[in-house]
Amino acid sequence: MAGYEIGLAGLQVAQKAIQIIGNNIANAATEGYHRQEAVISPIPGNSLSTLATGQGAEVIDIRRLVDELLEQQIRRQQPELGQVSQELVTLQSLETVLGNLTTGGLAGALDDFLGALGQLASEPDSAAYRSQVVGAGEALAAEFRLLGSAIRDLEMQVASEARQLADEVNRLAQSVAEANGIAVDAWARGGSDSNLLDLRDQAVAELADLVDIQVRTDANGAANLQLWGTPLVLNRQVSEIEINTTGDGTIGVAAKGSAYADTTVRGGRLGGMLALANDLLPRVQQEIDALARAVMQQVNRCHVQGVGTAGSFTELTGQPVGDSPLARWAMPVTAGDIRLRVINTATGEVTRYTVTIADPATETAADVAAAFSTVANLSANVAGGCLRLQAAPGFAFDFLPALLPDPATSTLTGTAAATLSGVYGGSANQTFTATVVGTGEVGATSSLTVEVRSGAGELVRTLNVGTGYAAGDALAVADGLSVAISQGTLNDGEQFTFEALADSDPTGLLAAAGLNTFFVGDSAETMAVAEPIRQSSSRLATTLSTDGIGNLNVRRMLDAAQAPAEALGGETTAGACRNLVSTIGQWVALRQARSNTFESILRELTNRRDDLGGVDINEEAANLLVFERMFQGAAKYLAAVDQAYQVLMDIL
Amino acid sequence: MGGWGSILNTSQAALQYQTRQLAALQEAISSGLRLRHASDAPPDAFRLLALRSESRSLQTYGSNLATVNDSLTLAMDVLQDVSDVYARVRELTTQGMSGTYSAGNRQPIAQELNSLLEQLVSLANTRHSGKYLFGGSDTTSAPYEAEYEDGRIVGVTYTGSGQSVLVPVAPGVEYSGVLVGDEIFRSDSRQPPEFLGDTGAAAGAGTSTVRGEVWLTVSHEATAYAGASGVAPGTSSAAGDTVLGSGHVLTVDAINHTLCLDGGTAVSFADGETDVRVSGPGGTVVYVSVAGLDPAYQGDVALSASGTLSLDGGTTCTAIDFANADLAVIDPATGRALRIDCTGIVQTGLEPVRVPGTYDMFAAVMAVRDLMLNTRGLPESQQLAYLNEAVKAVNEVAQGLTAAETSVGAGIGVLATLGTSLENIQARTDDQAAALENADIVQVATDLARQQTLYEMTLASTARLLSLSLFDYIG
Chain S
1 MAGYEIGLAG LQVAQKAIQI IGNNIANAAT EGYHRQEAVI SPIPGNSLST
51 LATGQGAEVI DIRRLVDELL EQQIRRQQPE LGQVSQELVT LQSLETVLGN
101 LTTGGLAGAL DDFLGALGQL ASEPDSAAYR SQVVGAGEAL AAEFRLLGSA
151 IRDLEMQVAS EARQLADEVN RLAQSVAEAN GIAVDAWARG GSDSNLLDLR
201 DQAVAELADL VDIQVRTDAN GAANLQLWGT PLVLNRQVSE IEINTTGDGT
251 IGVAAKGSAY ADTTVRGGRL GGMLALANDL LPRVQQEIDA LARAVMQQVN
301 RCHVQGVGTA GSFTELTGQP VGDSPLARWA MPVTAGDIRL RVINTATGEV
351 TRYTVTIADP ATETAADVAA AFSTVANLSA NVAGGCLRLQ AAPGFAFDFL
401 PALLPDPATS TLTGTAAATL SGVYGGSANQ TFTATVVGTG EVGATSSLTV
451 EVRSGAGELV RTLNVGTGYA AGDALAVADG LSVAISQGTL NDGEQFTFEA
501 LADSDPTGLL AAAGLNTFFV GDSAETMAVA EPIRQSSSRL ATTLSTDGIG
551 NLNVRRMLDA AQAPAEALGG ETTAGACRNL VSTIGQWVAL RQARSNTFES
601 ILRELTNRRD DLGGVDINEE AANLLVFERM FQGAAKYLAA VDQAYQVLMD
651 IL
Chain X
1 MGGWGSILNT SQAALQYQTR QLAALQEAIS SGLRLRHASD APPDAFRLLA
51 LRSESRSLQT YGSNLATVND SLTLAMDVLQ DVSDVYARVR ELTTQGMSGT
101 YSAGNRQPIA QELNSLLEQL VSLANTRHSG KYLFGGSDTT SAPYEAEYED
151 GRIVGVTYTG SGQSVLVPVA PGVEYSGVLV GDEIFRSDSR QPPEFLGDTG
201 AAAGAGTSTV RGEVWLTVSH EATAYAGASG VAPGTSSAAG DTVLGSGHVL
251 TVDAINHTLC LDGGTAVSFA DGETDVRVSG PGGTVVYVSV AGLDPAYQGD
301 VALSASGTLS LDGGTTCTAI DFANADLAVI DPATGRALRI DCTGIVQTGL
351 EPVRVPGTYD MFAAVMAVRD LMLNTRGLPE SQQLAYLNEA VKAVNEVAQG
401 LTAAETSVGA GIGVLATLGT SLENIQARTD DQAAALENAD IVQVATDLAR
451 QQTLYEMTLA STARLLSLSL FDYIG
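Each protein sequence line maps, in turn, to chains S and X. Residue numbering for the first sequence follows the working numbering, starting at 1 and increasing by one per position. Residue numbering for the second sequence follows the working numbering, starting at 1 and increasing by one per position.
Hints listed in this document are in silico derivations from the structure and should not be mistaken for laboratory results. Keep in mind the model is a prediction, meaning the values are calculated, not measured. Some clues are possibly wrong.
To be verified - Only part of the chain X face toward chain S is listed, based on derived beta-carbon distances under 7 Å:
| id | residue |
| --- | --- |
| 1 | F46 |
| 2 | R190 |
| 3 | L470 |
By construction, the Cβ of each residue, glycine as well, lies at the ideal position given by its N, Cα and C atoms.
Generate coordinates for the entire structure from the input sequences, incorporating the hints supplied.
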């Protein structure tokens with residue numbers, strides 16, 4: 001009946017609108033919910049009538065207030081924020097482990113170690129200062145170990161979390177696929193469920209936080225997702241992903257069951273995890289390992305040449321080096337000659353021997369042991385991967401570069417003899433040659449001299465050993481070396497040579513093998529003070545003197561530890577340490593700034609989205625008033641129509 | 001009006017940001033630090049770490065400098081004590097040399113000199129914090145060992161190291177806190193030996209290696225007479241002749257029964273005498289046998305005498321080569337050589353030889369003490385003459401001590417200057433580090449107040465905006 005339909009339509013529209021308002025208010029605090037509104041359309045009247053009136057109104061759609069462009073922008077920013085946030089959290093952990101600036105951390109421990117060495121130089125025979133160096137060395141090694149293991153733990157944790165994130169991606173993708181199924185079915189029926197779409201969009205938003213996804217909604221209403229260019233969700237189908245470890249130890253994202261893993265993907269928290277696992281953490285690990293190795297090498301290469309107050313050795317055992325060629329050791333060995341002294345402890349007689357490393361690319365620890373075994377009164381072997389040297393009973397050995405008192409070679413036939421003394425302060429190993437000029441008696445013949453030439457043949461000094469020279473007095477040659485000629489005769493042209501060593505092991509073998517080293521280990525995680533030194537600081541090699549006194553080796557270690565290292569790009573260890581700390585600080589600060597920026601952008605975008613699609617309770621209240629009144633009006637109208645018809649019925 | 005969501009978002013973001021800022025400010029106030037993590041300000045953190053390294057390094061230098069300075073200051077005190085002892089040695093030597101002292105008077109002086117010698121050994125073996133100051137790099141054992149005979153020191157040997165211990169006390173500056181006693185307490189500016197006796201021995205052309213003072217024993221071996229006069233060495237000739245070399249002449253007058261050596265006083269003899277003692281003008285003596293003398297002989301007879309040289313009182317002897325102007329005589333105790341010009345040797349005797357520029361402080365005192373005691377039984381005139389020479393050695397050592405004091409004092413002065421510089425640099429470094437690291441409390445307090453106000457305003461505005469609701473007005 002005319003009139004009833006209009007009233008009924010009005011009631012139905014008002015009721016639907018009130019339901020939508022109720023739904024909006026109920027979801028006012030729901031994350032990802034988009035405000036809905038009824039799309040009301042008038043129902044046209046009978047077109048056959050010349051004065052057609054409308055037939056009321058109807059709700060033809062429930063519209064979600066979504067700006068797709070805005071949503072895309074949000075989804076584009078979310079992976080960036082996710083990646084930066086993930087990197088930030090992990091790097092902050094790393095920065096904490098590296099030590100805050102108040103406690104000093106690694107840089108402070110290195111400064112303390114160098115300081116302790118510096119103090120030991122003032123009193124090399126002080127047991128307290130020696131113990132201080134050992135303690136500072138242990139603290140430094142502990143800092144390196146802490147960092148090394150912390151980074152390893154972080155790498156493992158990151159890999160584990162990446163796998164969990166991949167599972168989460170799969171779960172959310174499944175949710176989207178399921179929502180797609182329902183949406184597509186509803187689409188086919190000509191309808192839609194806005195709340196379901198919001199749920200699906202929320203899952204997509206959560207995915208965007210984890211990975212960099214692209215969303216395309218097809219004609220059937222399905223949201224198809226692409227992950228780094230490959231389909232993740234296609235309509236109702238999900239292509240699950242997993243985290244695989246590659247041959248070089250990096251981790252990558254792969255389609256489940258696939259052998260290929262992409263290690264370069266970025267975006268989202270998962271992208272952050274991969275960047276951390278494959279780039280940032282390994283870089284830090286490499287830098288810390290390089291730093292630890294540089295500290296060990298600089299100190300050890302000096303330490304191996306010296307002796308402590310305990311004196312020369314009867315036995316030395318190195319650290320495990322395995323059976324790989326010397327050139328492939330963690331601290332590679334180069335070709336060259338190693339000089340060692342063997343001392344007859346009963347007579348004090350000293351003999352210097354040379355062990356040659358000819359081809360580090362092929363020689364192994366066993367070859368080195370064989371070479372050492374050729375030295376008289378010394379045996380060597382490899383046990384448990386460690387090189388071991390042992391002196392015969394009644395003998396001791398060391399690697400002191402000290403000058404031997406007797407010439408290495410001599411053609412002197414007169415009654416005078418040459419004696420060498422001093423501590424060589426030159427920077428390169430060389431053999432000096434001394435030639436007698438003139439014939440006569442030492443201290444008595446005028447113009448009797450000895451010309452000393454360097455290894456390069458350059459005249460270093462002409463020594464007057466004739467009239468005016470008190471036989472036996474030491475005459476300075478160069479670089480701390482002195483020659484004394486005893487009473488007697490010398491003949492023109494006769495020569496003697498003496499070898500001055502700046503480094504008794506230019507090959508680096510002793511340091512790499514852990515023989516008489518201060519530190520052992522080949523990385524930050526394995527760095528430690530050598531056990532013999534931990535047990536007794538008298539093994540701390542403070543001196544290069546044969547009498548076991550002096551501080552020259554402490555000064556050398558100190559100088560070496562403060563010198564630029566090639567392995568650190570020409571930087572000192574302290575400088576490299578500071579660089580590392582500030583670089584990680586820089587990374588954290590940069591990511592903090594980027595995180596703030598992305599958060600700000602996302603907040604702006606979210607605000608704009610909420611302005612458009614968020615639920616405003618006051619607005620809903622106003623709408624509620626409108627539709628409440630509309631409902632009341634439609635009801636009144638129905639009552640009026642009904643009353644009109646009742647009057648008519650009464651007339652009939 | 002925008003949606004409530006944007007109000008909420010903005011409020012939440014603002015509150016989160018302000019909470020973080022407030023927390024950071026509170027941390028700064030409670031710790032007093034602006035920089036706690038490198039990420040707070042990476043460039044500042046790098047600089048702070050560099051400054052801390054530098055400060056730590058300066059601290060080490062400062063500590064080393066203090067250690068070296070302490071040692072040198074004590075060494076300086078010891079050197080001054082040694083100088084005081086030496087002043088007393090000179091005083092006693094001068095007293096002993098004066099003609100008013102008899103041999104008996106010199107004994108107490110010798111005893112005091114021996115005590116002073118003991119004191120010198122003790123001073124040279126001074127320890128500081130368990131370290132010997134004058135042993136070079138060997139700081140753990142006494143650098144001087146004294147050898148005693150009959151309660152007297154007869155030798156002091158340096159057993160320390162010849163190397164010093166250079167300690168880094170400032171960037172590029174190294175100083176030794178221990179001194180090499182063998183350099184401090186011994187002269188090292190060798191001069192030609194001086195022969196103080198009258199044997200005719202002189203310094204050879206070559207360079208002697210003996211040090212300080214040695215006593216050369218010039219002994220007679222045998223005398224030979226030229227020609228056919230019939231004179232022959234007397235029975236005491238070997239032991240008693242004091243002539244040496246070939247420049248002597250015995251004038252024989254068999255008719256008048258006189259003998260005369262080198263133009264000296266004629267000595268009468270009886271026929272058949274086998275041991276006539278004939279003295280020459282310089283106190284030389286020959287013992288002559290005239291048992292085989294030609295009764296009619298009148299004239300000069302050339303004689304020559306061989307002899308030996310020894311630096312250990314005659315135990316180890318070297319035959320005199322009178323033609324050798326540079327004969328090396330070795331001291332068996334030290335292996336060092338005295339080079340002697342033998343061409344002028346004319347008689348036997350005990351020849352004190354001093355080598356200026358090579359004395360050590362113990363030998364110089366021992367020489368004076370032994371002369372005071374006259375252990376070699378010298379005539380008093382010779383004793384006094386030798387004392388007069390010995391005092392030169394004392395002066396030489398005293399000069400060396402003064403030079404050492406000056407050198408050590410200069411070192412202490414340099415260290416004091418360095419120390420002040422290091423302290424200034426460290427103070428500046430620490431100030432710079434503090435400026436980077438420490439929070440500006442006034443600024444932080446101001447920031448805190450401002451942030452607190454903002455926080456309260458955010459809360460108030462959020463509460464006010466969110467409290468407005470149309471539902472309050474719907475009946």
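Now the hints, each set against the structure:
1. Satisfaction of the interface hint for F46/X is found here, the shortest Cβ-Cβ separation to chain S being roughly 4 Å, below the 7 Å cut-off.
2. Hint status for R190/X: holds, given a least beta-carbon distance of 6 Å to chain S, under 7 Å.
3. About 4 Å separates the beta-carbon of L470/X from the nearest beta-carbon of chain S, less than 7 Å, and the hint is met.
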